[in-house]
Amino acid sequence: MKDNYQKIIDTYTPKEDILNNSIIAFITGGLMGIIGEALIEFYTFIMHIPSKEATVCMLITLIFLGCILTCLGFFDKWVNFCKCGLIIPITGFAHATQSAALEYRKEGLVTGIGTNMLKLSGAVIIYGIIGSFIFSLIRMLVGLV
Amino acid sequence: MIYINAFIFCGIVCLIGQLILDNTNLTPGHITVLFVFIGTFLDVFNIYDKIVLWAGGGALVPITSFGHMLTHGAIQGYNEGGILGLFTGTLNLTSAGISAAIIFSFFLSLIFEPKD
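Protein chains in written order, with the numbering used here: chain A, 1268 to 1412; chain B, 299 to 414.
Only chain B is shown next, with the shape it has when bound in the complex (with noise of 0.2 Å):
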């Protein structure tokens, strides 16, 4: 069941992303802003957290997610360290995916020559 939530939550998330990106002159590079940008708004009353109880992997896949676990990690900080926490929690659970992408790509760029 929740492979069906998961593929009707990211479906309909990309969905969204491909009308606003057919109908207005926005660039893929303003959409994933957007997207970004409301991950972090809906993390704000804890909406995020049921929607990720509901569709499971199919809403951590998203950009969204990524707003998502910032929030996340800025208010976690803050519960533990104060307001000094807003700066050190927010990169928190994020980091992984930030340092991921930056060894990956630096690495395979060493190794593969650009394809035209």
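Bound-form chain A, shown alone (with noise of 0.2 Å):
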């Protein structure tokens, strides 16, 4: 009876097809980070800003891009789409934001979104923090500064 209600669960459940998946990721982050490039060249070259805040201007355009896809619907089909392609460049930073900001905005502007608008993010600003204090500690304690 057991044996045979597994068997049902597993050819009922969608298998994740593992290559494929991999090979989307790959080449849809591929063509973020040519995305990014271009960008920057755009900036450097065709606005003349200095290549420092050029690397500004293109993320913040990047992270404007996340935001407003994510409000019109767009971005939440690509992401099941592409997975890792579009959650691991810096666009998945500002959909975790902005999905977290829709979707908490009944609850009031400082209980709804004020509390819970980093609630996805947070995590990458904490660690990321919490890591670079540690590793510029040890490189200060090996004296590589």
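Simulated from the structure, these hints should not be mistaken for laboratory data.
Take these hints with a grain of salt, some might be off.
[Stated by the list, open to error] The following residues of chain B were derived to be distant from chain A, with all beta-carbon distances above 10 Å:
1) Thr330
2) Gly337
3) Asp347
4) Lys348
5) Leu382
[Claimed, not checked] Covered by chain A, per the in silico footprint, the following chain B stretches (three or more residues, Cβ under 8 Å):
6) 305 to 314
7) 318 to 329
8) 339 to 346
9) 369 to 379
10) 385 to 396
11) 401 to 409
[Stated by the list, open to error] A few chain A residues that face chain B, going by a derived Cβ cut-off under 7 Å, partial list only:
12) Phe1293
13) Gly1303
14) Glu1304
15) Pro1317
16) Ala1321
17) Val1323
18) Cys1334
19) Thr1364
On a predicted model such as this, the values are computed, not experimentally measured, just so you know.
Ideal Cβ placement from N, Cα and C applies to all residues, glycine included.
Each chain sits in its own coordinate frame; assemble them with the hints.
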């Protein structure tokens, strides 16, 4: 009885096609990299912004695109399709912030948006700061600076 | 040529993330945190700076560059202001990204209705 049940479950659970997923993630991730590089060159050579500021402009543009596409409802479908190809680039950070803000908006400005906006992306900021503190302390102690 | 490098580097980072996602029970949240942590580590011996020179924007787009910029800012702060610089400099370079994400998502969430 139990074995049969397990067999039935196994046949009906959708199988994740690992190879297909990996190829899609590789291609979409690579395209994101190309978009980033193209934006940097656009800001440097056409808008004549110094290269350090051009990097910041590129990040802000991508974050804005991630936010507005999440609001318009396209981004969730794309994330379901490409998964890590869009989660690992900085757009995933924007998507997490924006979807949390949209979801909790009903509960009010302070208790809804204010407390829950960084719910998903707060982990990135916190562990990033902790990690950078630890590693720069190590670098300081080793004497590389 | 730098476009091909950008494609390869950014693609491989996403591919590694996808392989971790498919073969373990970690959620996307765990994976982004893991990659930020790897990024902070790679900046310790200036490895990530070399990758940025090689792959250009392709190395700046993945979330690993967020960690790289955090460590970079901390070290820069330490060079300029001593031990206090570790605290003042950490968010120096990434503040643009964090502020942009917060500002855009606040105002856009006031305008748009959630889609389901």
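Quick rundown of the hints versus the structure:
Some Cβ of chain A comes within 10 Å of the Cβ of Thr330/B; the nearest lies about 6 Å off, and the non-interface call is violated. Residue placement check: Gly337/B does not keep its beta carbon more than 10 Å from all beta carbons of chain A (closest about 8 Å). With a least CB separation of 13 Å from chain A, Asp347/B remains clear of the 10 Å interface cut-off, as annotated. Consistency note on Lys348/B: stated as away from chain A, and its beta-carbon is indeed over 10 Å from all of that chain's, at 15 Å minimum.
Distance check for Leu382/B against chain A: the nearest CB is about 13 Å away, which clears 10 Å, and the non-interface claim stands. Here's how the stretch 305 to 314 of chain B fares: 9 of its residues keep a CB closer than 8 Å to some CB of chain A, so the rule of at least three is met and the hint holds. Figure legend: the stretch 318 to 329 of chain B, annotated as covered by chain A; annotation consistent (6 residues with Cβ-Cβ distances under 8 Å, at least 3 required). With a threshold of 8 Å between beta carbons, the proposed coverage of the stretch 339 to 346 of chain B by chain A holds, since 4 of its residues qualify and at least three are required.
Counting residues of the stretch 369 to 379 of chain B whose C-beta lies closer than 8 Å to any C-beta of chain A gives 6; at least three are required, and the coverage claim holds. By the rule of at least three residues with a Cβ nearer than 8 Å to a Cβ of chain A, the coverage given for the stretch 385 to 396 of chain B holds, with 6 such residues. Using a Cβ-Cβ cut-off of 8 Å, 7 residues of the stretch 401 to 409 of chain B lie near chain A, which meets the minimum of three, so the contact claim holds. For the restraint placing Phe1293/A at the interface with chain B, the shortest Cβ-Cβ distance is roughly 4 Å, inside the 7 Å limit, so the hint holds.
Hint status for Gly1303/A relative to chain B: holds, with the closest Cβ pair at about 4 Å, below 7 Å. The criterion of a C-beta within 7 Å of any C-beta in chain B is met by Glu1304/A, whose closest approach is roughly 3 Å, and the hint holds. With a cut of 7 Å, the hint placing Pro1317/A at the interface with chain B is violated, because the nearest CB-to-CB distance is about 14 Å. Interface restraint check for Ala1321/A: the shortest CB-CB distance to chain B comes to about 9 Å, outside 7 Å, so the restraint is violated.
The restraint placing Val1323/A at the interface with chain B holds, with a minimum CB-CB distance near 5 Å, inside the 7 Å limit. Look at Cys1334/A: its Cβ gets to within about 4 Å of chain B, closer than 7 Å, so that hint holds up. At its closest, the beta carbon of Thr1364/A sits 5 Å from a beta carbon of chain B; the interface hint therefore holds under the 7 Å criterion.
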